[in-house]
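Protein chains in written order, with my numbering: chain A, 1 to 363; chain B, 1 to 363; chain C, 1 to 363.
Because the hints were derived from the structure by calculation, they are not lab data.
Treat the hints with caution; some may be incorrect.
Just so you know, same-sequence chains aren't split out, so a pair can sit in one copy or run between any two.
Claimed, not checked - Below 20 Å or equal to it, Euclidean Cα-Cα: the simulated EDC-like pairs (lysine to aspartate or glutamate) are:
(1) K360 to E327
(2) K2 to D161
(3) K167 to E327
(4) K334 to E349
(5) K2 to D200
(6) K334 to E12
(7) K2 to D208
(8) K2 to E296
(9) K2 to E199
(10) K2 to E205
(11) K155 to D13
(12) K16 to E299
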Amino acid sequence: MKPKASRGFFFEDFHKGQLLRHPIPRTVTEGDLALYIALTGDRRPLHCSATFAQALGFARETLHDWLAFHFVFGKTVGQVSLNAVANLGYADGRFLCPVHVGDTLHSESEVLGTRELSSGKAGIVWVRTRGMNQHGQEVIRYCRWVMVEKRDPSKPTGARDAPELPKCVPAAELRAPSELDMRRFADVGWATGGAAAWEDYQVGERIDHVDGMTIDESDHTSATRLYQNTARVHFNLHQMAGSRFGRRLIYGGHVISVASSLAFNGLENALHVLALNSGMHANPTFAGDTIYAWTEITEKAEITGRDDVGAIRTLLCAVKNVDPTAEPVPRRVKNEKGEDVPDPRLVLELDLWLLMPRKKAVG
Amino acid sequence: MKPKASRGFFFEDFHKGQLLRHPIPRTVTEGDLALYIALTGDRRPLHCSATFAQALGFARETLHDWLAFHFVFGKTVGQVSLNAVANLGYADGRFLCPVHVGDTLHSESEVLGTRELSSGKAGIVWVRTRGMNQHGQEVIRYCRWVMVEKRDPSKPTGARDAPELPKCVPAAELRAPSELDMRRFADVGWATGGAAAWEDYQVGERIDHVDGMTIDESDHTSATRLYQNTARVHFNLHQMAGSRFGRRLIYGGHVISVASSLAFNGLENALHVLALNSGMHANPTFAGDTIYAWTEITEKAEITGRDDVGAIRTLLCAVKNVDPTAEPVPRRVKNEKGEDVPDPRLVLELDLWLLMPRKKAVG
Amino acid sequence: MKPKASRGFFFEDFHKGQLLRHPIPRTVTEGDLALYIALTGDRRPLHCSATFAQALGFARETLHDWLAFHFVFGKTVGQVSLNAVANLGYADGRFLCPVHVGDTLHSESEVLGTRELSSGKAGIVWVRTRGMNQHGQEVIRYCRWVMVEKRDPSKPTGARDAPELPKCVPAAELRAPSELDMRRFADVGWATGGAAAWEDYQVGERIDHVDGMTIDESDHTSATRLYQNTARVHFNLHQMAGSRFGRRLIYGGHVISVASSLAFNGLENALHVLALNSGMHANPTFAGDTIYAWTEITEKAEITGRDDVGAIRTLLCAVKNVDPTAEPVPRRVKNEKGEDVPDPRLVLELDLWLLMPRKKAVG
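Same shape as in the complex, but just chain A (with noise of 0.2 Å):
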């Protein structure tokens, strides 16, 4: 008899074209808005705040773009990541559609291409996951790519099928909800705390966004469950004590929410994430480790039919055990072999087209 449990899939199980339909559609609830707060400290007030999100034009408090994300991705470990040795990048992520408590979410992946590495023992794949909601809409995409190991590593499958993908998502792509109503934002902007608007914000700007947060091994356990996302590199202390890491490894998405959790000191009215340019999991994270971020401002566009609105294109950048206001630490250093490498404190690099108010809207 074929073994009823899964172990995923290997390499040689993905095709470019394959279309795969994720089990497990989650319904939110109010219970994801608390934990969310409660698992890394998030204050934007669209998103624990009735009153401020109904003056903006929405139903209520709306979930956190990276929750929604992690939702999403959650449900497409089981099959195109489960046996993936990392998590290599993001492009061409856009968060389409916001996300109200009640909505029930599915995911769907297309693989848009396979590259067998050199060595032969694994590969990458490349796939477009597609959040839905109960009504077909479509609230999250993104491509990913991951190194994924090979069932036979001995078999050579000759895939060489590695798709282009853009570096960042054109701003004359960019749209702001269709629900968001900044007329009375000059009312209820008291919100957020913050008094700069998209003018006030310059190109070659940085922002040191000043608090640190330590993650604990329950925390992103509990986030990462919560996102019923069971990559078991992060939860199976017993195998991972024997890994190269020697314990559990922490959700690189935990770490986003933790990085953008704290960038809300110094961007507090960026209402929503427009786009996921591109993103690096630079290093890996474990418990005990305390996050810090800081923020780059790298761009600014205007948003297509709307003055109340702008985007700002950022680079969120966050490390481990170092006070980046105190010490100053650079995003690459030369290795031993004189390589350009990412600093061994950086775990983060997330490139971001954020909404942002104008100032005819913060009045």
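Got chain A; can you put chains B and C on it based on the hints?
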């Protein structure tokens, strides 16, 4: 003045036929649904997906059977087992009625019998507990027996009223939830991620659930507090440091939930726990332990009045800090005295009836 | 350019009469109810049982008074106490209006006075904070004073505006919630598990709450994040490792909640905190500490306009890592200089007015 704070019941306080109405009725919230997922990693779509649950005839996602069980159980602790030395067993457990967000549960127990140990230091108390909802419907019923300290070990009580309990809930008494409508299962069953139907499981088959999950201190204490279970062995390190364990014990019910969550992989279509035939917490579990689980199919039965669902009887076994797919773990071993005892790595054996869709429904 | 991220207020930023409107209004969810139970073990049926709450005249279960307090308090931290050296005391705290799921809370503070320390290195700031709901109703009001760092310790400010604060909320000003209807209490009071009425508590009586609860790192950080309290001493191990404590401090409010949860055993019928007369976090608490609590009854009073409920004034004391039922713990000891100081094991003293049913209602 009599002290106002309770120290729980001692063996002398129980007598056969005694009825205990347990305080602290508990209304279920959306927070409970989310926390159960965050603390156990549960993925069964009936409990996390409103669309799936509604397609099967339920008003919305229902509480996981074990979550409801822990609520009902938790209320009994203050009277039944605050001074328990050990939780010895379960029998005749039935999950009678689905529980939803908004329902208010309370518990009542009847003492089925008591028996003093020959040493005279403690005694065994058998109770039948009923969990009721706000409409007076019985949602869960089970028997358990615990070893309880005596207030005065020097005074014999003569108690020897041990009841006879059934080894198994008879298949003829199993009932599917009246709401459960399988007509649309073929359309929505992708949500479970599993393809196997009742017919696909064979008596004698063993399903290794593959994954392991490490339990940390805040995981089990948060879960146990959520159930308002006050047994001090789970919470008080200051006291437990001086016990033979030297640390806090994990609530056995949390181990049930973790094992049950792991058991989704290979039993994806098991929609409901019909009965808890018997159970044993074979060895204690501590923070830092990694739980693995397997299931043995021991019996199959039809469910009265239904040709779309059937019952499989399963022995759910959980072990700690050993991967049973890599290393065989016997359930019983000989100790140094030559006695047959549970393998010291075995932490749970649970004899259950599970409801499983039949081929007719899976389509 | 001025840095966009805030580093909080320093002593020089406060002046008497100053009004602070704190950002981040917070809508209460069912997730908050569940998390409060999971993190503190609270069992008061008014806050976890809709049927009990409805029988007493409330729309549904209400927020625990301390949960509402922590939300209101949490919002003030970013301005009032981000640079606080110590939280020195509370006075004149009142719980004025029940809070329900769906309510949106925000906070405002008025600076009552400031006084520079004679050393000139820091100063004390007194504020009165008001928590308001979305209808503009004041739900909680309290005074607190904190020692705050100076931006420039070398420049004297001359501030010496210390206000006079009452030692106790006068009994004549205590009010029962207008919703509270005790006519059905005799029928539903079994839900608390306690039999004692207002008349049964005697001034001078001491109630040992028996149980102990250990606080782990993820417990207190999750609770404190839930309240969106950003005080870095609770979250940043990297920074705190270099402090005189060498580790993170537990938010004093979490210790209040744990002590209050333990105090259910012996004060089961205390339905509501009427007032916080004064309070002191006598010594810091750290992860791994086990909290025990006792209550001393110090005064009794009638409540204006009610013959079915009365007020008892209690001193709630919490200690760490010592069982006060096994070993007497004095509240004050002499230090090596012969000064009267709190016993180093004492972590909390809270002078409260609690609402208690009278015999007439208990039946």
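Okay, the hints, checked on the actual structure:
no.	hint	in the structure
1	K360 to E327	neither (38 Å within a copy, 66 Å between copies)
2	K2 to D161	neither (31 Å within a copy, 49 Å between copies)
3	K167 to E327	neither (30 Å within a copy, 47 Å between copies)
4	K334 to E349	within (18 Å within a copy, 54 Å between copies)
5	K2 to D200	between (62 Å within a copy, 11 Å between copies)
6	K334 to E12	neither (35 Å within a copy, 45 Å between copies)
7	K2 to D208	between (54 Å within a copy, 12 Å between copies)
8	K2 to E296	between (52 Å within a copy, 15 Å between copies)
9	K2 to E199	between (61 Å within a copy, 14 Å between copies)
10	K2 to E205	between (58 Å within a copy, 11 Å between copies)
11	K155 to D13	within (13 Å within a copy, 70 Å between copies)
12	K16 to E299	neither (34 Å within a copy, 43 Å between copies)
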